[in-house]
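These protein sequence lines are chains W and B, in that order.
Heads up: the first sequence is residues 201 to 447, going by the working numbering.
Heads up: the second sequence is residues 6 to 264, going by the working numbering.
Do not take every clue at face value.
Partial selection, computed: residues in chain B whose CB lies under 8 Å from chain W [what the hints assert, rightly or not]:
(1) VAL19
(2) ARG22
(3) ILE25
(4) GLN26
(5) ARG33
(6) GLY98
(7) ILE103
(8) VAL105
(9) PHE178
(10) GLU197
(11) TYR262
Think of the hints as simulated: they come from the structure by calculation, not from any bench.
Think of the CB as a built atom: it goes at the ideal place given N, C-alpha and C, for glycine as much as any other residue.
Spelled out, the chains give:
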Amino acid sequence: MARIFLREVRVDFTVDVDPPRTFKSTVRRFFRPQRRVPRLIRALDIAALSIRAGERIGLIGRNGAGKSTLLKVMARIYPPHRGEVRVDGHVCPLFEFATGFEMEATGWDNIRTRALLLGMNPKEVEAKLMEIAQFTELGEFLDVPVRCYSSGMMLRLAFATSTAVDPEILLLDEVMAAGDASFIERARRRMDALMERASIVVFASHSLDVLPQFCERTIWLDRGMIVRDGPTLDVIHAYEESVRSAA
Amino acid sequence: MSGEIVRALQLWPVWLRLGIQDVRLRFRRSLLGIAWVFLNLTISLLTIGFIYSSLLGQDLKKFLPFLTIGLVVWSYLTAAVVEGGMAFIAAEGYIRQIGVPLFVYLFRSFVSVSLFMLLNLITYFPVAYFSGLTLHYGMLWAVPGLLLMASVVLLFITIFAYLHTRFRDAIPFASALLQVVFYVTPVIWPPEALRQQGLHWVIDYNPFYHLLEVIRQPLLQAEPASTLSYLMVALLIGGLMVIAASCVWRYHQRIVYFL
Chain W
201 MARIFLREVR VDFTVDVDPP RTFKSTVRRF FRPQRRVPRL IRALDIAALS
251 IRAGERIGLI GRNGAGKSTL LKVMARIYPP HRGEVRVDGH VCPLFEFATG
301 FEMEATGWDN IRTRALLLGM NPKEVEAKLM EIAQFTELGE FLDVPVRCYS
351 SGMMLRLAFA TSTAVDPEIL LLDEVMAAGD ASFIERARRR MDALMERASI
401 VVFASHSLDV LPQFCERTIW LDRGMIVRDG PTLDVIHAYE ESVRSAA
Chain B
6 MSGEIVRALQ LWPVWLRLGI QDVRLRFRRS LLGIAWVFLN LTISLLTIGF
56 IYSSLLGQDL KKFLPFLTIG LVVWSYLTAA VVEGGMAFIA AEGYIRQIGV
106 PLFVYLFRSF VSVSLFMLLN LITYFPVAYF SGLTLHYGML WAVPGLLLMA
156 SVVLLFITIF AYLHTRFRDA IPFASALLQV VFYVTPVIWP PEALRQQGLH
206 WVIDYNPFYH LLEVIRQPLL QAEPASTLSY LMVALLIGGL MVIAASCVWR
256 YHQRIVYFL
């Protein structure tokens with residue numbers, strides 16, 4: 201049974217005022233204890249959060265509120281600095297599609313690698329390869345190194361592959377940003393189907409009008425903390441209220 | 006932690022694929038492609054072989070097989086530091102997007118450098134043929150030697166991947182150190198040359214000499230290396246394991262934040 205459970209989870213980013221730490225600076229610091237305490241930015245501070253199978257959850261909040269950080273904690277990309285994270289179920293992260301390519305390798309090779317990394321076994325990959333290739337509509341460009349792709353083409357490749365998995369837990373981070381009009385339309389339909397199949401969906405978005413269609417529960421984050429967690433319409437309402445009063 | 010290692014091992018199709026791909030892509034868009042592996046080594050062999058065999062009064066036919074193994078094994082070790090140290094940094098795009106255990110990227114690097122070493126090792130066979138060495142069952146003692154070497158390489162990759170992601174000085178620092186070790190280790194000169202000078206301790210206490218011996222001795226003499234060599238290599242592996250474990254323990258949770 202898919203399930204996500206967080207307790208007292210904290211993620212801090214160290215913002216060094218100096219350039220990236222070197223061996224030399226560490227040795228120096230060892231001999232001469234530092235005067236400056238490294239600046240910490242608390243990216244996430246969640247007291248408790250539990251998501252059960254069947255739930256569809258929206259994440260809202262201003263830029264830098266911690267939405268992406270929370271998603272990355274759930275995806276086991278960011279190990280929290282303290283606290284407990286339990287994620288049961290196969291996770292499919294759909295974050296950004298601009299990185300994670302082997303530039304010199306062909307489109308086909310990149311599809312295979314990404315699919316394997318996302319947890320498909322080799323047999324599954326071969327079975328789904330044609331379907332993925334068709335969805336990208338890249339045709340013979342798949343034989344070409346990804347280095348020669350435009351950003352839209354890379355997006356197609358990564359999106360088609362990532363959405364071909366059968367995830368129990370789907371983590372989305374405002375992905376529909378690029379691609380031409382026809383692709384966006386097809387991508388939306390594919391995404392809807394994927395969300396149907398997944399047991400848990402967590403969806404970070406700024407499109408407040410879209411969220412109610414997908415999510416019955418929404419979490420509002422600010423400065424890494426949960427401000428409000430409840431039925432989507434209520435939370436969105438409160439959020440809009442606060443944005444309006446701030447402006 | 007052990008759970009993560011098991012999960013990483015189960016993902017063998019990915020790291021095997023990525024490792025092989027790394028070797029394939031290395032010579033993409035070059036005219037001679039994979040031939041460069043052999044060309045590179047052959048050029049070094051001929052140059053060093055000719056100069057050093059005259060310098061040290063060695064018979065070229067006897068010296069070349071010795072030199073070949075030395076160069077192949079040494080570049081394997083160097084690759085472990087220089088390429089292995091980049092294992093996480095090179096995989097940043099994947100690490101930030103997909104939450105698979107980090108060990109996957111260490112294994113990928115291991116596959117890549119090991120495969121490259123095996124390709125290099127092929128050169129040994131024509132050299133051995135030229136030198137009139139005959140195949141013998143005793144040469145199979147090189148297999149455990151290569152496995153020991155591979156464990157050292159895997160540990161080196163682990164240590165430097167973690168260290169270098171944390172301190173970007175690790176690779177340059179280690180490269181400089183390796184260069185020094187290269188000079189005091191009988192890679193391109195025979196150990197007897199130093200023994201005759203009464204400097205045998207430089208060799209005897211050098212674990213890298215013994216690491217070379219467990220591969221070189223079987224291939225050249227068709228017999229296992231000395232017990233001392235195996236012992237020293239075991240000690241080296243033990244020491245590296247402690248260092249690798251403490252690197253993993255100290256930095257594993259923080260790697261993604263260092264990228």
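Hints versus structure:
| no. | hint | in the structure |
| --- | --- | --- |
| 1 | VAL19 | 4 Å, holds |
| 2 | ARG22 | 6 Å, holds |
| 3 | ILE25 | 10 Å, violated |
| 4 | GLN26 | 6 Å, holds |
| 5 | ARG33 | 6 Å, holds |
| 6 | GLY98 | 4 Å, holds |
| 7 | ILE103 | 5 Å, holds |
| 8 | VAL105 | 6 Å, holds |
| 9 | PHE178 | 7 Å, holds |
| 10 | GLU197 | 38 Å, violated |
| 11 | TYR262 | 7 Å, holds |
The structure is inconsistent with the numbered hints 3 and 10, although it conforms to all the rest.
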